Amino acid sequence: MSRAQTWRIAVTLLLVIAAIYYAWPTARFWMLSGADKDRLQNENPAKLFTMKQEAVRLGLDLQGGMHVVLRIQKEKLDATASKDAVDRALEIIRSRIDQFGVTEPVIQKSGDDRIIVDLPGFTDVERAEKLIGETAQLQFKLLESQENATLLLSKIDEALVELRRKEGGEPAATPRADTADTGKVNVLADLLGDSADTSKDAAAMTDEELDQPFSTYLEPIPGTDFPEFFVETEMVPNVKALLEKPEVQKVIPSEAQFALGRRSEIYTGRQVTRFYVMKSRVQMSGEYLTDAIPQTDQYGKPTVNFQLTREGGRIFSRVSGPNIGKPLAIVLDGRVESAPVIQDRIRDRGQITMGSGATYAEARDLSIVLKAGALPTDVEIIETAVVGASLGRDSISKGLTSSYIALILVLLLVGIYYRISGVIADLGLIFNLFFLLAAMAGLRATLTMPGIAGIILTIGISVDSNVLILQRIREELATGKTIRASIDAGYDRALVTIVDSHVTTLLTAAILFIFGSGPIKGFAVSLFLGVAISLYTAVVITRAVYDFRKGYKTLSI
Amino acid sequence: MFEIIGKTSYNFIGMRKYAFTLSTILTILGLVAFVAILLGKAPMGIDFTGGTMLQGNFENPVSIGDLRSALVGNGFPEAKIQSLTTVGVENSFLIRVKTVVEGLSAGDETTVDRIMAVIDKAFPANKFTKDSEHTIGPAVGETLRRQATWAVLLAMGGILLYIWLRFDFRFGVAATIATFHDVLAVLGIFWALGIEIDLLVITALLTLAGYSLTDTVVVFDRIRENLKLFRKKGDFVATVNVSINEVLSRTIMTSLTTLIVVVTLLFFGGQVLRVMSLAMTIGILIGTYSSWFVASPIVVVWESRSPKRFR
Numbered sequence: 001m002s003r004a005q006t007w008r009i010a011v012t013l014l015l016v017i018a019a020i021y022y023a024w025p026t027a028r029f030w031m032l033s034g035a036d037k038d039r040l041q042n043e044n045p046a047k048l049f050t051m052k053q054e055a056v057r058l059g060l061d062l063q064g065g066m067h068v069v070l071r072i073q074k075e076k077l078d079a080t081a082s083k084d085a086v087d088r089a090l091e092i093i094r095s096r097i098d099q100f101g102v103t104e105p106v107i108q109k110s111g112d113d114r115i116i117v118d119l120p121g122f123t124d125v126e127r128a129e130k131l132i133g134e135t136a137q138l139q140f141k142l143l144e145s146q147e148n149a150t151l152l153l154s155k156i157d158e159a160l161v162e163l164r165r166k167e168g169g170e171p172a173a174t175p176r177a178d179t180a181d182t183g184k185v186n187v188l189a190d191l192l193g194d195s196a197d198t199s200k201d202a203a204a205m206t207d208e209e210l211d212q213p214f215s216t217y218l219e220p221i222p223g224t225d226f227p228e229f230f231v232e233t234e235m236v237p238n239v240k241a242l243l244e245k246p247e248v249q250k251v252i253p254s255e256a257q258f259a260l261g262r263r264s265e266i267y268t269g270r271q272v273t274r275f276y277v278m279k280s281r282v283q284m285s286g287e288y289l290t291d292a293i294p295q296t297d298q299y300g301k302p303t304v305n306f307q308l309t310r311e312g313g314r315i316f317s318r319v320s321g322p323n324i325g326k327p328l329a330i331v332l333d334g335r336v337e338s339a340p341v342i343q344d345r346i347r348d349r350g351q352i353t354m355g356s357g358a359t360y361a362e363a364r365d366l367s368i369v370l371k372a373g374a375l376p377t378d379v380e381i382i383e384t385a386v387v388g389a390s391l392g393r394d395s396i397s398k399g400l401t402s403s404y405i406a407l408i409l410v411l412l413l414v415g416i417y418y419r420i421s422g423v424i425a426d427l428g429l430i431f432n433l434f435f436l437l438a439a440m441a442g443l444r445a446t447l448t449m450p451g452i453a454g455i456i457l458t459i460g461i462s463v464d465s466n467v468l469i470l471q472r473i474r475e476e477l478a479t480g481k482t483i484r485a486s487i488d489a490g491y492d493r494a495l496v497t498i499v500d501s502h503v504t505t506l507l508t509a510a511i512l513f514i515f516g517s518g519p520i521k522g523f524a525v526s527l528f529l530g531v532a533i534s535l536y537t538a539v540v541i542t543r544a545v546y547d548f549r550k551g552y553k554t555l556s557i
Numbered sequence: 001m002f003e004i005i006g007k008t009s010y011n012f013i014g015m016r017k018y019a020f021t022l023s024t025i026l027t028i029l030g031l032v033a034f035v036a037i038l039l040g041k042a043p044m045g046i047d048f049t050g051g052t053m054l055q056g057n058f059e060n061p062v063s064i065g066d067l068r069s070a071l072v073g074n075g076f077p078e079a080k081i082q083s084l085t086t087v088g089v090e091n092s093f094l095i096r097v098k099t100v101v102e103g104l105s106a107g108d109e110t111t112v113d114r115i116m117a118v119i120d121k122a123f124p125a126n127k128f129t130k131d132s133e134h135t136i137g138p139a140v141g142e143t144l145r146r147q148a149t150w151a152v153l154l155a156m157g158g159i160l161l162y163i164w165l166r167f168d169f170r171f172g173v174a175a176t177i178a179t180f181h182d183v184l185a186v187l188g189i190f191w192a193l194g195i196e197i198d199l200l201v202i203t204a205l206l207t208l209a210g211y212s213l214t215d216t217v218v219v220f221d222r223i224r225e226n227l228k229l230f231r232k233k234g235d236f237v238a239t240v241n242v243s244i245n246e247v248l249s250r251t252i253m254t255s256l257t258t259l260i261v262v263v264t265l266l267f268f269g270g271q272v273l274r275v276m277s278l279a280m281t282i283g284i285l286i287g288t289y290s291s292w293f294v295a296s297p298i299v300v301v302w303e304s305r306s307p308k309r310f311r
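Quick note, the sequences are listed as chains S and V, same order. All letters in the first sequence, in the order written, are residues 1 to 557 by our numbering. All letters in the second sequence, in the order written, are residues 1 to 311 by our numbering.
Bound-form chain S, shown alone (with noise of 0.2 Å):
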């Protein structure tokens, strides 16, 4: 044996041992039958976990899971506060997310303010969503007091009858009793424009409702003697719209601030939020939270438990005292979850109760994020996607499927067109797929459904290696050479070509791995790795096994 072939024999068991090594835990774990499964998971769960996340990891699309890529609105922080926002934001993220428990969940930053979160096997695409993507601000704010409020709330009614004098041209003590309808209607579109639901039938419309444009959207919640609110959920575009009018926005002092529920409830039969008039400065703010828990109190509604730092515990000592027997709003990102009445002084301890209609699932969620922080500013949501985990094991075994039959295809072709020396090419196929999968494995790619297609790509282009070297050794044999002289013409002569004509496919994976996305990356790799290593085995492994004769008396081919 010339040391050429001696070095080649080792170095190619070296591989194989090394690449037995990476594979293995993969083959192991798939070798698993769902019975397995279902055994190990119960008797040890950990056990299996660590199987799988040693076997190579499976692509969202693969194994069904959510794709979430968030924009950090950079834009609302001034210039210091945005350089580590997405890092910041980053770090919440992550903590929030930990307690959700996702197996491996990918979060990282993409460009200037994006960040990339991958769940694999979740799919409640809401529930992530709004577990991510809340800024999760939360301050606490005292109410106005009645009479304030009322004064506030009729200047507002002041201040749209005017505009409205002033737009419609319609003084408001025209007579009614005779005037046609459509004066009223008009009013409401006048002051609404075309944002607003002006279905009320005009003459439904009372004295009260043309005086007090705004107040007659708000419904005093009976047993309080605060300015809480309902207001018709349907009714609640109108009233945003109306506040935001600049007339309006005069007229609000920066003292007070008005704020809507969180979310909407039954009250007679109908859908409505609640509304608040609030004092405008923060008393306390989520920063102080060291904890949060989420509990059930005396009477079965959730609520979330919270503790605070000792600056925290003074500064709501300070508010609650003085306080007792007023409501203290709950605000969570400018909607308010509850404002339940202050029984007595609070420490360092206090409890969220949660708005009407809430569940303990979003007690929980809200646990969740009030202990990880808030976000320093919005995110935005700017691409979603999410595979369900049947279509995953749909893709899979179609690859599967796809995978086999193409293999059987290319093996028996290449056999029987070159004999003996064919078999031997595919050997040299079945040693370039198996050091591929443990490539994979061994690198912690990532196997996504255009990877396994780049796998299948790479069968039908590695062997062209070999389909090059055997027709050059036909040509050679052709011309009369020996049969030993043949196969080392032809392996020196199409080895040029060989890495030639692959070097193209290598640079267009390598330019596809470095701008594609996810499922494109998967592509790129497995056609790199595959078409990188099959100079290898194309070359040196079947020029090993031609290598163990000197001379030859046939040569099947």
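Simulated from the structure, these hints should not be mistaken for laboratory data. Remember, predicted model here, so these are calculated numbers, not experimental data. Backbone N, C-alpha and C define an ideal beta-carbon position, used for all residues, glycine too. Among the hints, erroneous ones may be present.
Sample of chain S residues lacking proximity to chain V, with all beta carbon distances greater than 12 Å (derived) [said to hold, decoys possible]: (1) Phe29; (2) Trp30; (3) Ala79; (4) Lys109; (5) Asn148; (6) Asp297; (7) Arg318; (8) Pro322; (9) Ile396; (10) Ile405; (11) Leu443; (12) Glu475; (13) Asp500; (14) Val539.
So the derived list for chain V, only partly shown, Cβ under 10 Å to chain S, looks like this [claimed, not checked]: (15) Gln55; (16) Phe58; (17) Asn60; (18) Leu144; (19) Ala209; (20) Ala238; (21) Val242; (22) Asn245; (23) Glu246; (24) Thr264.
Fit chain V to the supplied structure of chain S, relying on the hints for placement.
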């Protein structure tokens, strides 16, 4: 040993008139498609335009017309619907709309939510299960467009550089034309068939470009080798023909093996990869064709117009 093709002597170069006609048609088609894409008139996947795509199936049969009118009449006038019903998969549809609610915050109603609501209302007794969804905001669509453009430019640039280093001038130009011809031809065919161009199609096109060149390289290598051996100036055409014939077996074998695998993917690979495998299948056929009937004839015609002694 046996060869599929024994010693052949087809006159490839002789057929060039027909080939040039066909190739010109394909190239023009491709250029039209390319311009259409630039103008935004070609069907592009949501990867590039932004939008929402969702896929799912009903419990009971639904006519595609009913589904379309339900969506069109309820706020999605440009909804595109494709039936995915095949063997074993019933009542399955792919819905694509361009409407995307800009700037979504968590908790806002998404386009997918709205589509599901419309479907629920229109087909109340017929449960629709969503298999997958994908929503891309316009900002992301733009990013993907940019990245795809860069990828294409760099890949083409890299290929050109490789050709420049590897071949002398004439061969290089011929190889370049052949490669561009292949990519444009597939693009043109796709456009003519009304197939949406998305990221996977671009991936297939780039892979194709790389692959098509390998075919051309093998033929040109042989031509070069033979030209060194047969220094007779007058018989350039014959040399080229002989060269192509010599490598015919090998070219057919390689194309065959690659074709087998992509056709397998086309039939068994499922809906996700269908468009990509179609692109590769057509591309491999055209790529092989172009090595024989585009790249080589170009060199021949050039040589006949301005003969020069070959090194």
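How the hints compare with the structure:
{"no.": "1", "hint": "Phe29", "in the structure": "holds (23 Å)"}
{"no.": "2", "hint": "Trp30", "in the structure": "holds (20 Å)"}
{"no.": "3", "hint": "Ala79", "in the structure": "holds (22 Å)"}
{"no.": "4", "hint": "Lys109", "in the structure": "holds (14 Å)"}
{"no.": "5", "hint": "Asn148", "in the structure": "holds (31 Å)"}
{"no.": "6", "hint": "Asp297", "in the structure": "holds (25 Å)"}
{"no.": "7", "hint": "Arg318", "in the structure": "holds (33 Å)"}
{"no.": "8", "hint": "Pro322", "in the structure": "holds (35 Å)"}
{"no.": "9", "hint": "Ile396", "in the structure": "violated (10 Å)"}
{"no.": "10", "hint": "Ile405", "in the structure": "violated (5 Å)"}
{"no.": "11", "hint": "Leu443", "in the structure": "holds (20 Å)"}
{"no.": "12", "hint": "Glu475", "in the structure": "violated (8 Å)"}
{"no.": "13", "hint": "Asp500", "in the structure": "violated (5 Å)"}
{"no.": "14", "hint": "Val539", "in the structure": "holds (16 Å)"}
{"no.": "15", "hint": "Gln55", "in the structure": "holds (8 Å)"}
{"no.": "16", "hint": "Phe58", "in the structure": "violated (15 Å)"}
{"no.": "17", "hint": "Asn60", "in the structure": "violated (19 Å)"}
{"no.": "18", "hint": "Leu144", "in the structure": "holds (7 Å)"}
{"no.": "19", "hint": "Ala209", "in the structure": "holds (6 Å)"}
{"no.": "20", "hint": "Ala238", "in the structure": "violated (19 Å)"}
{"no.": "21", "hint": "Val242", "in the structure": "violated (13 Å)"}
{"no.": "22", "hint": "Asn245", "in the structure": "violated (12 Å)"}
{"no.": "23", "hint": "Glu246", "in the structure": "holds (8 Å)"}
{"no.": "24", "hint": "Thr264", "in the structure": "holds (4 Å)"}
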